[in-house]
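Participant: Protein chains in written order, with this note's numbering: chain A, 223 to 540; chain B, 223 to 540.
Hints in this document: simulated from the structure, not taken from any laboratory. Incorrect hints may have been included.
Same chains, same names: a pair is fine if it fits in one copy or spans any two.
[What the hints assert, rightly or not] Result set (DMTMM-like, lysine to aspartate or glutamate): computed pairs, CA atoms no more than 20 Å apart in a straight line: (1) 410 x 505; (2) 282 x 526; (3) 282 x 418; (4) 410 x 481; (5) 344 x 397; (6) 410 x 450; (7) 410 x 525.
There are 2 protein chains.
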Amino acid sequence: MVEHSESAGCPFGERLLRAVLDRRTPAIVGLDPRANELPGVLRHELQNGSHLNTARLYQKFCCEVLDVVGPLVPAVKPQAAFFEELGPPGMAALQEVIRYARHLGLLVILDAKRGDIGSTAKAYARAYLVPDAPFAADALTVNPYLGPQTWQPFIEEGCAAGNGIFVLVKTSNPDSGVFQDACLRQGKAVYQLVAEAVQQSAERTRGPFRYGSVGAVVGATYPQQLAELRQAMPAAWILIPGYGAQGGTAQDVAAGFQEDGTGALVNAARHVLFAYQRSPYREKYGEMDWQRAVENAVRDMIEDLAAGTPARRLRSTP
Amino acid sequence: MVEHSESAGCPFGERLLRAVLDRRTPAIVGLDPRANELPGVLRHELQNGSHLNTARLYQKFCCEVLDVVGPLVPAVKPQAAFFEELGPPGMAALQEVIRYARHLGLLVILDAKRGDIGSTAKAYARAYLVPDAPFAADALTVNPYLGPQTWQPFIEEGCAAGNGIFVLVKTSNPDSGVFQDACLRQGKAVYQLVAEAVQQSAERTRGPFRYGSVGAVVGATYPQQLAELRQAMPAAWILIPGYGAQGGTAQDVAAGFQEDGTGALVNAARHVLFAYQRSPYREKYGEMDWQRAVENAVRDMIEDLAAGTPARRLRSTP
Numbered sequence: 223m224v225e226h227s228e229s230a231g232c233p234f235g236e237r238l239l240r241a242v243l244d245r246r247t248p249a250i251v252g253l254d255p256r257a258n259e260l261p262g263v264l265r266h267e268l269q270n271g272s273h274l275n276t277a278r279l280y281q282k283f284c285c286e287v288l289d290v291v292g293p294l295v296p297a298v299k300p301q302a303a304f305f306e307e308l309g310p311p312g313m314a315a316l317q318e319v320i321r322y323a324r325h326l327g328l329l330v331i332l333d334a335k336r337g338d339i340g341s342t343a344k345a346y347a348r349a350y351l352v353p354d355a356p357f358a359a360d361a362l363t364v365n366p367y368l369g370p371q372t373w374q375p376f377i378e379e380g381c382a383a384g385n386g387i388f389v390l391v392k393t394s395n396p397d398s399g400v401f402q403d404a405c406l407r408q409g410k411a412v413y414q415l416v417a418e419a420v421q422q423s424a425e426r427t428r429g430p431f432r433y434g435s436v437g438a439v440v441g442a443t444y445p446q447q448l449a450e451l452r453q454a455m456p457a458a459w460i461l462i463p464g465y466g467a468q469g470g471t472a473q474d475v476a477a478g479f480q481e482d483g484t485g486a487l488v489n490a491a492r493h494v495l496f497a498y499q500r501s502p503y504r505e506k507y508g509e510m511d512w513q514r515a516v517e518n519a520v521r522d523m524i525e526d527l528a529a530g531t532p533a534r535r536l537r538s539t540p
Numbered sequence: 223m224v225e226h227s228e229s230a231g232c233p234f235g236e237r238l239l240r241a242v243l244d245r246r247t248p249a250i251v252g253l254d255p256r257a258n259e260l261p262g263v264l265r266h267e268l269q270n271g272s273h274l275n276t277a278r279l280y281q282k283f284c285c286e287v288l289d290v291v292g293p294l295v296p297a298v299k300p301q302a303a304f305f306e307e308l309g310p311p312g313m314a315a316l317q318e319v320i321r322y323a324r325h326l327g328l329l330v331i332l333d334a335k336r337g338d339i340g341s342t343a344k345a346y347a348r349a350y351l352v353p354d355a356p357f358a359a360d361a362l363t364v365n366p367y368l369g370p371q372t373w374q375p376f377i378e379e380g381c382a383a384g385n386g387i388f389v390l391v392k393t394s395n396p397d398s399g400v401f402q403d404a405c406l407r408q409g410k411a412v413y414q415l416v417a418e419a420v421q422q423s424a425e426r427t428r429g430p431f432r433y434g435s436v437g438a439v440v441g442a443t444y445p446q447q448l449a450e451l452r453q454a455m456p457a458a459w460i461l462i463p464g465y466g467a468q469g470g471t472a473q474d475v476a477a478g479f480q481e482d483g484t485g486a487l488v489n490a491a492r493h494v495l496f497a498y499q500r501s502p503y504r505e506k507y508g509e510m511d512w513q514r515a516v517e518n519a520v521r522d523m524i525e526d527l528a529a530g531t532p533a534r535r536l537r538s539t540p
């Protein structure tokens with residue numbers, strides 16, 4: 223295990239804490255571009271449906287979203303799959319979107335759910351987590367199935383640069399329980415065993431700071447597990463997907479926070495990106511002013527989280 | 223669940239069976255290019271170490287490996303991480319390597335260990351498993367942690383085109399047991415629960431054929447589990463990494479086969495690709511004739527598997 227060292231600077235968990243305190247909200251925006259949901263004003267540029275054309279449009283759309291959300295939230299979460307679907311031009315668009323987000327001062331959590339062994343995990347770390355990586359993000363989501371030692375190359379390669387990982391603990395989908403909730407002889411569930419390893423890694427990488435470089439992903443759709451996991455992983459940030467489009471509410475995510483309103487990030491993607499399609503934004507802004515719809519959806523989300531979760535305390539910090 | 227349908231043509235498992243019977247060996251070659259292990263004759267072209275330059279060299283190296291192994295083995299397994307590490311030029315190289323392998327009549331199993339929920343899994347399937355995908359492979363490795371329903375988009379998108387997935391069941395790394403071997407209250411281990419779901423998916427997708435579209439990954443380094451999993455998943459092909467460089471021998475992988483020598487694929491990557499560095503190939507061929515070293519390493523592997531496993535019966539088929 224790489225312990226935190228002085229030379230490593232502050233761990234990802236501390237950088238994230240500062241970003242959240244600065245923007246005073248745990249809301250983050252998922253960048254999940256989908257060709258058939260783009261606002262008409264962009265969709266009409268989908269001339270031939272080639273991967274190159276679509277990739278350029280995804281880049282344009284995401285960067286225009288970033289222009290709006292950049293001053294409002296601490297981080298964004300691009301979803302790698304939607305860019306990979308477009309081949310090398312999609313990956314080039316992802317690269318530009320990550321660069322632009324960081325240029326705007328946003329932390330980038332790349333949602334790619336990677337995981338492999340030894341030198342292969344190291345290659346993934348060098349693709350996504352080192353400072354000169356082609357897709358240099360601040361953090362990467364990682365799948366735990368192969369074992370906690372397989373996270374180590376991500377920590378070793380990324381940690382020194384102040385980057386981090388979020389390990390999948392309890393995912394937001396309806397059948398996440400089939401393997402994750404399987405009950406072990408010792409009385410724990412599989413996800414609880416994973417959470418213990420996450421807490422150990424977070425503790426080992428936090429140094430003198432409160433949160434380490436290793437966080438967890440826990441879906442908004444499982445509020446009870448979220449409450450329990452918040453207790454079980456005090457040194458870990460929890461990234462909570464599933465707010466909005468997947469049905470999670472402020473009430474559902476409230477238990478993911480520490481009392482002071484830190485420790486949780488709440489992600490919304492479709493709910494924000496394609497707000498122009500939904501009431502009341504559709505009536506107010508329509509497709510022509512889809513950016514205002516995004517802005518207002520994010521502001522509403524920030525208000526909702528401030529009203530219904532301990533994140534309200536981020537507002538009262540001087 | 224998408225059941226097998228007449229219109230779907232033959233499932234991936236049957237295509238793979240035909241390829242194995244045609245080449246009369248379960249040996250497959252992993253394409254894991256590493257800049258610092260390339261033969262000197264190629265490495266001297268690594269002029270500036272730019273990603274573009276390295277990506278072109280990876281493509282050249284892999285295609286020259288394919289020229290050698292194309293007539294000998296049924297399939298190859300490119301490792302996505304080593305290409306992703308080079309950014310968009312790496313992904314373009316991966317694209318060309320996949321195309322060239324299929325052009326030579328090889329099946330391509332892309333080792334990318336993807337896994338996500340709903341429409342995100344669908345995007346991954348469209349990146350890697352549909353006929354017009356940018357990285358159109360014949361099969362993809364998939365991580366099971368998110369639950370068996372999350373494999374469904376891969377099956378639905380890829381199955382109709384005769385493509386398949388290999389789900390990670392028991393991986394070859396030393397600490398794979400931390401989560402995979404965790405013992406459930408019902409007496410099974412987690413990997414056995416995953417294997418049950420794999421067998422069900424394989425059974426549902428096999429139609430009138432012997433093997434379905436869903437296979438399993440089981441490491442050569444766990445011969446006991448391999449024997450047990452062969453029994454537990456009769457409708458599933460087992461992809462066995464870990465032969466050679468990771469320490470697995472013919473004896474270790476023997477239990478992964480059915481009696482007639484089908485049902486298992488044995489992968490070697492470094493062991494074959496960088497054979498020129500190892501005795502006796504180094505002495506016989508050296509760096510200048512690294513392709514002969516690859517060829518002889520593959521031929522030796524084929525002989526080793528024929529001598530020490532039920533794969534010998536593939537030789538006696540008329």
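Participant: For each hint, tell me whether it holds in the structure or not.
Facilitator: For each hint, the structure was consulted:
1. 410 x 505: neither (49 Å within a copy, 55 Å between copies)
2. 282 x 526: neither (28 Å within a copy, 54 Å between copies)
3. 282 x 418: neither (41 Å within a copy, 45 Å between copies)
4. 410 x 481: Neither. Shortest intra-copy (26 Å) and inter-copy (39 Å) distances fail the 20 Å Cα cut-off.
5. 344 x 397: between (30 Å within a copy, 16 Å between copies)
6. 410 x 450: within (12 Å within a copy, 25 Å between copies)
7. 410 x 525: Result: close neither inside a copy nor across copies, 36 Å intra and 47 Å inter.
Checked against the numbered hints above, the structure violates hints 1, 2, 3, 4, 7; every other hint is satisfied.
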